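J.: Model the full structure from these sequences, guided by the hints.
As given, the protein sequences belong to chains C and E, one line each in that order.
Using our numbering, you'd call the opening residue of the first sequence number -1 and step up by one each time.
Using our numbering, you'd call the opening residue of the second sequence number 805 and step up by one each time.
Incorrect hints may appear among the rest.
[Unchecked claim] Here's a subset of chain C near chain E, in silico, CB distances under 10 Å, partners left out:
(1) Lys29
(2) Ser31
(3) Lys32
(4) Lys33
(5) Asp163
(6) Thr164
(7) Tyr224
(8) Ser313
(9) Thr328
(10) Gln341
(11) Thr342
(12) Glu345
(13) Asp349
(14) Leu350
(15) Lys353
(16) Glu357
[Unchecked claim] Using 25 Å as the maximum straight-line C-alpha spacing, the simulated DSS-like pairs for lysine-lysine come out as follows:
(17) E:Lys1114 <-> C:Lys192
(18) E:Lys1114 <-> C:Lys155
(19) C:Lys228 <-> C:Lys203
(20) E:Lys1117 <-> C:Lys32
(21) E:Lys1117 <-> C:Lys155
(22) C:Lys29 <-> C:Lys40
(23) C:Lys353 <-> E:Lys1067
(24) C:Lys151 <-> E:Lys1067
(25) C:Lys197 <-> E:Lys1117
Just so you know, the hints here were simulated from the structure itself, not pulled from any lab data.
Since the structure is predicted, the reported quantities are computational estimates derived from the model, not experimental observations.
Note that the Cβ used here is the ideal one computed from N, Cα and C, for glycine as well.
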Amino acid sequence: MKVTFPHMGNTFIGAKVLMEDLGNEVILPPKCSKKTLEIGTKHSPETICLPLKINIGNYVESIEKGADTILITGSCGPCRFGFYSLMEKEILKDLGYDVDIIVFDPPDGRPMELLRRIMKAADTKNVYRILRSIVRGGKILEKVDNLIEYSNKIRAKAFNSFKVDTIIDNFYEEVRNVHGMEETSKLIKETRTKLDNVKIDQNKKTLKVGIVGEIYTIIEPFANLYVERKLGHLGVEVDKALKPSSWVKHHLLPGPFGSGEEKRKWKEAAPYLSTLVGGHGRETIGSSIIYAKENYDGIIQILPLTCMPEIVAESILPTIQKDYNIPIMTLIVDEMTGEAGYQTRLEAFVDLLWKRWEEDNHEELLSGS
Amino acid sequence: MKNYYLGVDVGSVSTNIVLLDEEENVIIKKYLRTQGKPLVILQNGLREIKNEIGDFKVKGVGTTGSGRHLASIILGADIVKNEITSHAIAALNYVPNVKTVLEIGGQDSKIIILKDGIVTDFAMNTVCAAGTGSFLDRQAARLGVEINDFGKLALKSKNPVRIAGRCAVFAESDMIHKQQLGHNQEDIILGLCQALVRNYLNNIGKGKDIQGPIVFQGGVAANEGIKQSFKQALNTEIYVPKHHDVMGAIGAGILAKEEVKSKGKTNFKGIDITDIEYKVRGFECNDCANMCEVVEITSDDKVIARYGDKCGKWTDSINTNDEKLA
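T.: Laid out in structure tokens, this is it:
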């Protein structure tokens, strides 16, 4: 069995460690590229949201490399992601690919079926072993997320912010060639040391921006046109409301581990949106309020064109912008690779944030505090 | 020799050049069609200015517009600023307490909300053709009307027809239909202006707190019909600056003045750049799956700039400048 899975930011690193720990061979899809998108767009319905198109591109590229089994997560939430797995099966069938697709639906009501599928994917019936590997994969994923978060901080303060890009690019390339938990951990550690050696300007004032919105487009840098990097080069520290590791916590480890953060978001969102609107619409509202309360300088919402839950959230955000006096900008992504308009909006937004900051601090100086 | 500040706005449709004096008055302005050749047009524009007003000294250069990086490489700009900030700065210079800036250009449109002279919110649209100047251009051509007369004709209408403004495709088929029903030209033209304004307000103006004083700028601000329609829709006075068509360039010039003041000198490469022959070449790098489209600018067989690559391989191979483009 040669397994593969679609890309979503750092998840591939955790999933790779998990599967390798179980002794399976993993075929990683090549890094998302224009070619991935081209393949995906060609074979997907025109009006579907961007993540499905990238997924299809990932599958085809992996199958060409020899993969015969695809692992995907399902969802029962009222968002199109709920039928991704079914539609992707049909598309691959129409394309004539003979692959096994294993879907991990949330265990609602049918826990045994999920377990059966996990055992099939893991190629073992040893539940203890499976759990151990899941924990290991989760740990690695968290480490990678922390590494990337750290790199975002360094980038904002670095004298040469492009050095950070080079280090991270190298990391993503190297991580494909190392195997198992130990080697991956070692690489993460080495990369962190490299980041520590980047010269930074301790006194540099940076801005803090929170990123909210649709989970896939937040997490997959290819989909959001590397927004973290672009903002980092403009001297902005970026925090993402959703991360692969927190997603795993929310969905795979129910109970005390994961749901606390989510519950807080729901509570904060309640005065504006008290019910589920599919996807992470409610979390977007909640996260925005949390960022505002934590004195972030601004918020950016990112969503793929036609994403319903985020459209609902988008229409509520102007009220939050007013109530909490925090600038919020919405960016909609689709299959575009021309970045001029995107860059212009980011630059203008950062200009706006700087001017506000200057004004606030100017007033403080005048009032003699 | 007079001292001036140079502001350049390289847009997709027009390339605008202005010279400002110390008091930020516009000494000369050029509104030129970019025609997909920004470098040549920029050089021609500067040459024209030189011929018209004789020798002058440039104390600072600012560039803006989607071609701002390209222009800054050639000119040696002191500041490279996005269009939104530049437009806001220029509008503030015209109406100091401006609260809303409506800007409609050839290929994009923007709305900028200000409070106490600071940008607090903005929106910009680059994909929707129904809200921009090129849509009007096209429809004027279809009706056989000069775009310069378009606005004046609209004002003659007493009974505008309703035209769908949501999408250029709908608008066009609606317009043809109304034309065939026999409505007269003025009514259709005013209908189109109203449709564009409706689309603008519903699309980028959505959820924005539009308050007066309102400044309307960009190439389309020359169109009386659109101005009239905005006035009607928003029920307030609309100010159109005298140099409404080059506001981005003016903003860039003002920013350059501020920048040079704090920096003390300019990076301007000299007016002789009009005589240098630049060659621009684009190629697709096939070293990885990203297939970046790299642009290379050369003069006298010497590579001046390369940009467009994600990994920095091409950019880094020629200069040590940390700022990467695109």
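J.: Each hint needs a verdict: does it hold in this structure or not?
T.: Comparing the hints with the structure gives:
1. Lys29: Interface hint status for Lys29 (chain C): holds (7 Å vs cutoff 10 Å).
2. Ser31: Status holds, d = 4 Å.
3. Lys32: Constraint on Lys32 (chain C) satisfied, holds at 5 Å.
4. Lys33: Given a least distance of 5 Å, the restraint on Lys33 (chain C) holds.
5. Asp163: 7 Å, holds
6. Thr164: Result: holds, 7 Å to nearest chain E Cβ.
7. Tyr224: Constraint on Tyr224 (chain C) satisfied, holds at 8 Å.
8. Ser313: At 7 Å from the nearest chain E Cβ, Ser313 (chain C) passes the 10 Å test, so the hint holds.
9. Thr328: At about 9 Å, which falls below the 10 Å cut-off, the nearest Cβ of chain E leaves the hint on Thr328 (chain C) intact, so it holds.
10. Gln341: Cβ of Gln341 (chain C) sits 8 Å from chain E, so the hint holds.
11. Thr342: 5 Å, holds
12. Glu345: Because about 4 Å separates Glu345 (chain C) from the closest Cβ in chain E, which is inside the 10 Å limit, the hint holds.
13. Asp349: 5 Å, holds
14. Leu350: 5 Å, holds
15. Lys353: 5 Å, holds
16. Glu357: 6 Å, holds
17. E:Lys1114 <-> C:Lys192: Holds, because 21 Å separates the two Cα atoms, which is no more than 25 Å.
18. E:Lys1114 <-> C:Lys155: 21 Å, holds
19. C:Lys228 <-> C:Lys203: 17 Å, holds
20. E:Lys1117 <-> C:Lys32: 18 Å, holds
21. E:Lys1117 <-> C:Lys155: 23 Å, holds
22. C:Lys29 <-> C:Lys40: 18 Å, holds
23. C:Lys353 <-> E:Lys1067: Between Lys353 (chain C) and Lys1067 (chain E) the Cα gap is close to 19 Å, so the pair holds against 25 Å.
24. C:Lys151 <-> E:Lys1067: Violated: Lys151 (chain C) and Lys1067 (chain E) sit about 28 Å apart, past 25 Å.
25. C:Lys197 <-> E:Lys1117: 21 Å, holds
Checked against the numbered hints listed earlier, the structure breaks hint 24 alone; every other hint is satisfied.
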